[in-house]
Amino acid sequence: MEILISIKPLLTVLVPLLVIPILVSSSQKPNVREAWIFGAGFVMFFLVASMVPAVLSGSKIVFTLFELAPGADIAFQVDGLGMLFALVAGSLYIVTSLYSIGYMRGLKEHGQTRFVSFFALAISATMGAAFSANLLTLYLFYEILSLATYPLVAHHEDAKSRISARRYLVFILGTSIGLVLPAMIYCYHVTGTLAFSTAGIFAGQLSKPAATVLLLMFVFGFAKAGIMPFHSWLPAAMVAPTPVSALLHAVAVVKVGVFSIVRVITGIFGVDLLAHFNLGVVVMVIASFTIIVSSCIALSQDELKRRLAFSTISQLSYIVFGVALLSPSGQLGGVIHILMHAFGKITLFFCAGAIFVATGKKYISQMKGLGRQMPVTFAAFFIGSLGVIGLPPTGGFYSKWNLILGTLEAGQTIFMVVLLVSSFLNAFYFLPIVYQAFFGKGKDDLSGARVKIQEANLCLVLPLAITALASIGLFFFPQMFVDLITLGLNL
Amino acid sequence: MKFFGFVIVCLTGGLLLYGTMDLPDWGDPGSPASTHLSDYYIEHIVEETQVPNLVTAVLADYRGYDTMFETAVVFCAGLACFLLLRDFRPKKDRYFRHVPTGVMLHFKNPQTRLIAGNEFEHMDKDWVPSDMIIKTVCRILIPFIQIYALYVVAHGDFSPGGGFQGGVIFGSSLILMAISYNLKTLVKRVTEKFLSVFAALGVLIYVGLGVAAMLMGGHFLDYGMLAPLLPSDPGHIRALGMLGVEIGVGIAVMAVMVIIYINIVSEGRHDEGL
Amino acid sequence: MNNMPAILVLAPLLGAFFACLAAWIQKQLSYYIALAAMAVSCFAAVSVLTDVITSGTMQYRMAGWAPPMGIELRIDLLNAMVLVLISAIAFVNLVASVKNVEQEISDRAPSFYVMYLLFVVGLLGVTATGDLFNLYVLIEITSLTSYTLIALGDKDRAPLAALNYIFIGVIGASFYLLGVGYLYITTGSLNMADVAVILKGIQGSSAVLTAFILCILGVWIKMALFPLHVWLPNAYAFAPVGFARVVAPLMTKVMVYVMVRLMVTVFGLEYIFETLNLADAVVWLAVTAILAGAFTALFQKDLKKMLAYIIVCEIGYMVGGAWLGNSLGMTGAILHILNDGLMTFALFLAVGNIIYMRRQTAFSDLSGLFAAMPWTMAGFVLAGLSIIGVPPTCGFFSKWYLVLGAFEAGAYHFAAALIISSLVCAVLFFKVFEICFFEADSGAGDHNPAKVITEAPVSMLASLGLVSVAIIAAGIYAGTIVDTIILPFLQ
Amino acid sequence: MSDILPLIVAKYNFWLYIILMMIGLYAMIAKNNLMKKLVGMNIFQTAIILFYVSIGYKHGATIPIIQGGHGGHSAHDAVIHAADYINPLPHVLMLTAIVVSVATFGVAMALCVRIYQRYQTLEEDELRMRVSERITHE
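Chains as they are written, first to last, in this note's numbering: chain A, 1 to 491; chain B, 1 to 274; chain C, 1 to 491; chain D, 1 to 138.
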C-alpha cells in the first residue's frame, strides 16, 4: 500500500474552522454570511473528492500534526472508511446548509450567526473524526463535536432545551470521559500505541476478561452511537432546530459515534482478536436489543421527530451489529449502512422540518391528508422510508441485503430473525404515515374540496428532493463506496 | 479543638523527638553542622574579607543574598501595616485644648475648623498631661540612644552588632519619643513621606550596591568588584561593601519599625494614640 | 558570565522600591515602573529558558562565592519552565488588572503594585534558588505579601481569612524551617546539591526521615493539600481580584514545584520510593484530596469559592502524580504545574472581568453573561473545558500522563479519582454555563430583550485571549514540552 | 530506660526546645483569643530560633569574632583554629528568622487591629457568630 503525505486532510478540517471568524464578522449581512458557508462547504467537499482517486487506487494519505508521545500523536489518515464517511458528511453539509437557510429564515430564528458558526465547527470536527489516524485524534474530534453541538441543542434558550441540553451533555460527555478516556489510556498503557491497524494493536497482550471490559467500555462509551441504555439523549436532543437534527442527529454526530465503534472494533481490537475471544456476539446481542426495543418505542411515538429519533437509534445499531458480525459481508453491510441510512434519514428529517415550517405541525396524528397539500415532500418521505426500511429501489436495500448475507456467512441465523423483525417494525412505523398523508382524511378537508398545493419554500424542498433522489441513485451505483469499504477494512 | 490540638501537638512532638535520636550530642565539636561549612567560614573569612566578626561576614557577604530578602521582608511588613491600617479619613470626634486655660473643646463635625492660631492644641480623647520627669529624661536619653545606634551599625564588622540591631535601636529611640511626648510630636518631626522614602531607600542601597557590583562585571553583591569605585585598599573592599550594606539595612529597619509602631497604635490615623 | 538569572529576580525587586519612591512624585508612575520591571523579568526568564535548553543547567553564584559557602541560583529545565510561567502570568495579570485595582483599591494602588512586585519576587526567588534556607526566606516574602494583599479584599471577611492564613502559613513555614534545621544538623550544609550528596551516605537516619516529613508537611500546608487546605478557599475567594488572579494560579503551583524539587533534587527519588514506604499512603491522600475538593466544589454557590475548591482538587492531581513513583506520573505532575497555572489564570481572569462589570460572583448574579460578555465567557468556557480535560486544551494532556502513570503504578484508585473529578468538574462548569446561558439577565430589564453587549475593557479581554491561546498551544505542544523539558530533567 | 536517660541528657537542649515549641503550637491551635494565638505563634517561632542557635554551640569554643582579626595583616600572624570558635552560620540564619517572625507578627497585629475595628472582639467564637450573623442579615 502506498503512503502519501499530504496536507489535504488537515485543510479539510481547517476550512470550516477558518470560515467561522468571517461568519461572526459578517453577522449583520446574512447573505454574505450564507455565501461564505456555501463557499466553505464546496471547498471542503472538493478537497475530500480530490482525495478519492488516490484512496481508490489503494493509497493511504497521512499527515501528522503534532506528536504527543510515541504512538499517540495528533495525526490524520485518509483510508477507505474515513473517505466514505467524509464524503457522506461533506456532501450532506452543503445540502443541509441550503436547507437551514430556508428553515432558519422561514421561522425567523434568533442567533443565526451563532447557529451557523457552531454548525461549521461541528462539521469540522466530523471531518477530523473521519480522517483520524489514531484513537487519540478520534477522541479529540469526538469531544470537540460533543461540545460544538451543545449550543445547537440549547439553541432555543428555554427551559425545555435546557433540560435536553443537560441530558445530552451528561450522556455524551459523561460516557466519553468516564468510559472511553480510561479505556483509551489503558490501551496505550498496554500497547504503547493507539494507531489504527487492521490487525489490531494488542498482539496477544490482552486476556479475555480484560478485552471484554475494554470492548464494552468503548461500545457504551461512544454514547453518540445511541446504544441502549445510553440512547436517551438523542430523542431529547430533538428540541434543536431541524437542520441540526437532520445533519447532526441523523448524520454527523451519531455517525461519528458509530464510526468510532467501527474504528475500535476493526482498528484497535482487530477482527481476529474479537473472533478469537468470540466477543462479536456480545456486541451483537447488545445491538440487537437496541434494534428491537427502540423500534418498538418508535411505534408508540406521535411526535414525528421523536419517532425518527428512535428509528435512528435502531438503525445505528444495525451498523454496530454488522461490524460485530466480523464476516466480510456483514461488515460491508454495516459500514455501507452509514451511507445509506444517512441519505434516507436526512430526507425524513428534512421532510419533518419542511412540514413544520409550512404548516406548524409536529405530530403524526395531525398529518392526515397533508400529502395532498405537500406532494413532493411526502413523496420524498416515502423514498426516505423505503431507504430506512431497506427496500428497493433505494440504497438501503443494499445494506440490508449484505447484513442478512453476513448473518448467514457467520452462521448466526437467530440474528437474521432480528433483522427481519426489525425491518417489519420499520415498515410499520413509517409507511402508515405516508399512507395517511395521501389517503387519510384530516379534520380540515372533510368537505372533500380540492386541496391547494402548498409546499414549503424552495430552499426546503430542493434539498429533500436531492437527498431522496440520491437515495435512489445509490441503489444503482453503490460500487465506488463498496470499493472504499473493501479497501478500508481489508475485506 | 482542645483535644484536636493536643493530638496534633503530641504527634508533632513525637516526630520531632524521634528525629533527635540520630542527632549528634549537644555541643559536639565533631558534628557535621560544626565541621562542614563552619570550619571553612572560621578559617577563611578573615583572610578573604578582613572582617573579624564572622556572623556579620556570613550575613552580609556569603549569604548576603538572603539578607537582602530579609530586608525586603522588613520593608514588606512596614508597607503591609501602611496598606492595612492607614486611614486617610479625618476622625469624626475631635478634641481641642485651649492651652492658656486648659479648657477642652469637643467637635463632632469633622468640617469645623478652629480660627484661633496657636492657642488651641489638638488633643486625644483620653489625654493625660505629659509628665515633666519622663519628658526630660527621655529628651536627654534619646540622642545618646541614637548615637549608640549609629555605633552599633558602624561597628558591626568588629563586634556584635550590625544594621538590624542598629536600626532597631534607632527606631526605638523614635518610638520612645512618641511614648514620652505624644504621637503628634513624632509625626511632626518624622513625616510619613520621610519614613516611607527611607524604608525604600534603605533596601535600595543594599540592592544598588549589588547591582553596582554586577555592572562592574562581577556577580550580584560581589563587593570585591567595587574596588575602583571606593577609596580604599583592595583588601578592605569587602568590609567596606558590607558596611554600606549594613547602613542600608539600618535605615530600612529604623524606618519600618517606626511605620509599624505609628500605624498600629493610632489605628492608621497618625494623629492620636499612645 | 550571564547575569540573566539574577536579573530575573532583581528586576521586580528593584522595580518595587522604585515604584514606592515614584509614588511620591506621581501615583501613575508606579504602575508603569511595575509593568516595565515585570517585562524585563519576563524577558530574562525566557532568555534563561532558551539558554538552559541549549546549554544545560545554569548556576549563578551570588556574591561570587562557590556553592556550599555562598548561595547559588541553580536553574535547570524544571525551574526555568516554572520561572517563565510565573513571570509571564505576573506580567499579563499586571496588564489585565489595572482597571480592577482602580476599582477596588484606588486610594492605595501604588502600594498594591509594590506589594505585588515583591510577591512575584518571592515566587521567582523560590523557584530560582538552589539553597534550602534561602528558599525559606523567599517563601516568607511571598507569604507576607500574600497575607497583606488578601486582607485588602472583602472589607468584612478578608482580614479574618488572612489572619487564619497567617496562622496556618506560619505553621507550614516553621515546619519547613525545622526540617531544614534537622537537615543542617545531619549534613552541615544548606546547598541543595551539596545536601543531596551528603544525604546519600546517611539514608537510614531517623533525623533525615524527620527532616523529610517536616519539609514535605510544611510545603503541603503551604500548597493547601487536603486536609491542610482549610485556609485556601476563604483566602482566595475574599482576596481582591487583581491579586487573586495571580495568587491562585501561582502560589500553589510554586509550592508543588518546591515539593518536586525537594523530592527529586534534595532527597532523591530513590530514597523516597525505595527506603520509605509512604508513597501508597500519599497517593491515597491525593485521591481523597481530589474527591473532597471536587465534591465540596459542588456545594458552592459562588464562582470564586467554587474555583478555590477546584484548586484544592487540582493540587491532589499534582501531589498524587508526583508520588506515583514512576516517570510518567512525575511528568504528568510537572506538566500539570504549567497547565494548571494557565487554566486557573484564565479562569480567574474571566472572573475578574465579570467582577469588573457586575461586582458579584454569586451564581445568582451570573445570569445572561453569555449574551452580555461573549468574549469573556468564551475564554471562561475554554479554561473550564481544560479543567474538565477536553482535548485539545492542555488540561487533557497532563491528565493523560497522570492516568498513564497511575496505570503503570497500578494505582487504579488514582486513575478513577482523576476520571471522577473530571466528571464532577464537567457538572460544575456546565452548571455555571447553563446559568450564564439560559437565564436572562434580570438587570437588563424586560423591555429590552435585545442583547446589549457590556464587555470588559480591551486590556482585560486581550489578556484573556492571550492566555486562551496559550492554553491551546500548551495542549498542542504538550509532546514537545515533555520531550524538551520534562523528560531531560527527569533523567 | 537506662538507654534513654543518657540520650536525653546528651541532647537535652533539643528536648527543651521541642517542649517549648509544642506549647506554642498548642496555643496556636487551641486558644480562642486571637492575641493569645499570636503569642503562641511567637513562642513557637522563638523556640525554633533557640533550637537553631543551639546547633551552633561547640564545647570549649567562644563567640565567632576572631581575636585580633582587625587590621588585615594580623590574620596571617595568628593561626585560626576552627575548634576555638562556635559555628557562625546558625546565628546568621536566625537573624533572618527573627526578622521574618517580627515582620509576620507586625502584619498579624495590623490584621488584628482591623478585625477589632470591624467586629469589636478578638474572641474566635464570637467572631464566627458575628460573621454568620452578618451573612444571614443580608
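I should point out that these hints are in silico values taken from the structure, not numbers from a laboratory. Do not rely on the hints blindly, as some may be mistaken.
[As the list claims (entries may be wrong)] Which residues of chain C face chain B? A partial, calculated answer using Cβ under 7 Å:
#1 25
#2 32
#3 35
#4 134
#5 151
[What the hints assert, rightly or not] Distance windows between CB atoms, simulated:
#6 D:50 / C:202: 24 to 32 Å
#7 A:204 / C:327: 24 to 32 Å
#8 C:278 / A:24: 49 to 57 Å
#9 B:119 / C:99: 46 to 54 Å
#10 D:98 / B:87: 24 to 32 Å
#11 C:50 / D:117: 46 to 54 Å
[Claimed, not checked] List time: in silico DSSO-like cross-link candidates among lysine-lysine, alpha-carbon distance up to 30 Å:
#12 C:431 / C:200
#13 B:193 / B:135
#14 A:108 / A:368
#15 D:11 / B:193
#16 C:155 / D:36
#17 C:155 / C:301
#18 A:8 / A:160
#19 C:200 / B:193
#20 A:160 / C:431
#21 D:11 / C:200
#22 B:193 / C:155
#23 B:188 / B:108
#24 B:2 / D:31
#25 C:99 / C:431
#26 C:155 / D:31
#27 A:441 / A:368
#28 C:155 / B:184
#29 C:155 / C:305
#30 A:60 / A:108
#31 C:27 / A:160
#32 B:193 / C:301
#33 B:108 / C:155
#34 D:11 / C:305
#35 C:305 / B:2
#36 C:301 / B:184
#37 B:188 / C:27
Think of the CB as a built atom: it goes at the ideal place given N, C-alpha and C, for glycine as much as any other residue.
Results for each hint:
1. 25: It is violated, given that the least Cβ distance between residue 25 of chain C and chain B is near 11 Å, above 7 Å.
2. 32: At about 17 Å, which exceeds the 7 Å cut-off, the nearest Cβ of chain B leaves the hint on residue 32 of chain C violated.
3. 35: violated, 18 Å
4. 134: holds, 5 Å
5. 151: The hint holds - residue 151 of chain C has a Cβ within 7 Å of chain B, the shortest such distance being about 6 Å.
6. D:50 / C:202: 24 to 32 Å: Cβ of residue 50 of chain D to Cβ of residue 202 of chain C: about 25 Å, so the range 24 to 32 Å holds.
7. A:204 / C:327: 24 to 32 Å: holds, 27 Å
8. C:278 / A:24: 49 to 57 Å: holds, 53 Å
9. B:119 / C:99: 46 to 54 Å: Taking Cβ atoms as reference, residue 119 of chain B and residue 99 of chain C lie about 49 Å apart, which means the hint holds.
10. D:98 / B:87: 24 to 32 Å: Given range 24 to 32 Å: holds, Cβ gap about 30 Å.
11. C:50 / D:117: 46 to 54 Å: holds, 51 Å
12. C:431 / C:200: violated, 51 Å
13. B:193 / B:135: Roughly 26 Å between the alpha carbons, so the hint for residue 193 of chain B and residue 135 of chain B holds.
14. A:108 / A:368: Judged against 30 Å, a Cα distance of about 27 Å means the pair holds.
15. D:11 / B:193: Violated, because 51 Å separates the two Cα atoms, which is more than 30 Å.
16. C:155 / D:36: holds, 24 Å
17. C:155 / C:301: Between residue 155 of chain C and residue 301 of chain C the Cα gap is close to 20 Å, so the pair holds against 30 Å.
18. A:8 / A:160: violated, 41 Å
19. C:200 / B:193: Violated, at roughly 54 Å.
20. A:160 / C:431: The given pair, whose Cα atoms are some 16 Å apart, holds under the 30 Å limit.
21. D:11 / C:200: holds, 25 Å
22. B:193 / C:155: Answer holds: residue 193 of chain B to residue 155 of chain C is near 26 Å, not above 30 Å.
23. B:188 / B:108: Holds, at about 24 Å.
24. B:2 / D:31: holds, 8 Å
25. C:99 / C:431: holds, 29 Å
26. C:155 / D:31: holds, 25 Å
27. A:441 / A:368: holds, 6 Å
28. C:155 / B:184: Holds: residue 155 of chain C and residue 184 of chain B sit about 28 Å apart, inside 30 Å.
29. C:155 / C:305: holds, 17 Å
30. A:60 / A:108: Violated, because 45 Å separates the two Cα atoms, which is more than 30 Å.
31. C:27 / A:160: Between residue 27 of chain C and residue 160 of chain A the Cα gap is close to 54 Å, so the pair fails against 30 Å, i.e. violated.
32. B:193 / C:301: Not OK: residue 193 of chain B and residue 301 of chain C at ~44 Å, beyond 30 Å, violated.
33. B:108 / C:155: holds, 26 Å
34. D:11 / C:305: violated, 47 Å
35. C:305 / B:2: holds, 29 Å
36. C:301 / B:184: The given pair, whose Cα atoms are some 48 Å apart, is violated under the 30 Å limit.
37. B:188 / C:27: Between residue 188 of chain B and residue 27 of chain C the Cα gap is close to 24 Å, so the pair holds against 30 Å.
Of the numbered hints given earlier, the model fails hints 1, 2, 3, 12, 15, 18, 19, 30, 31, 32, 34, 36; all others are met.
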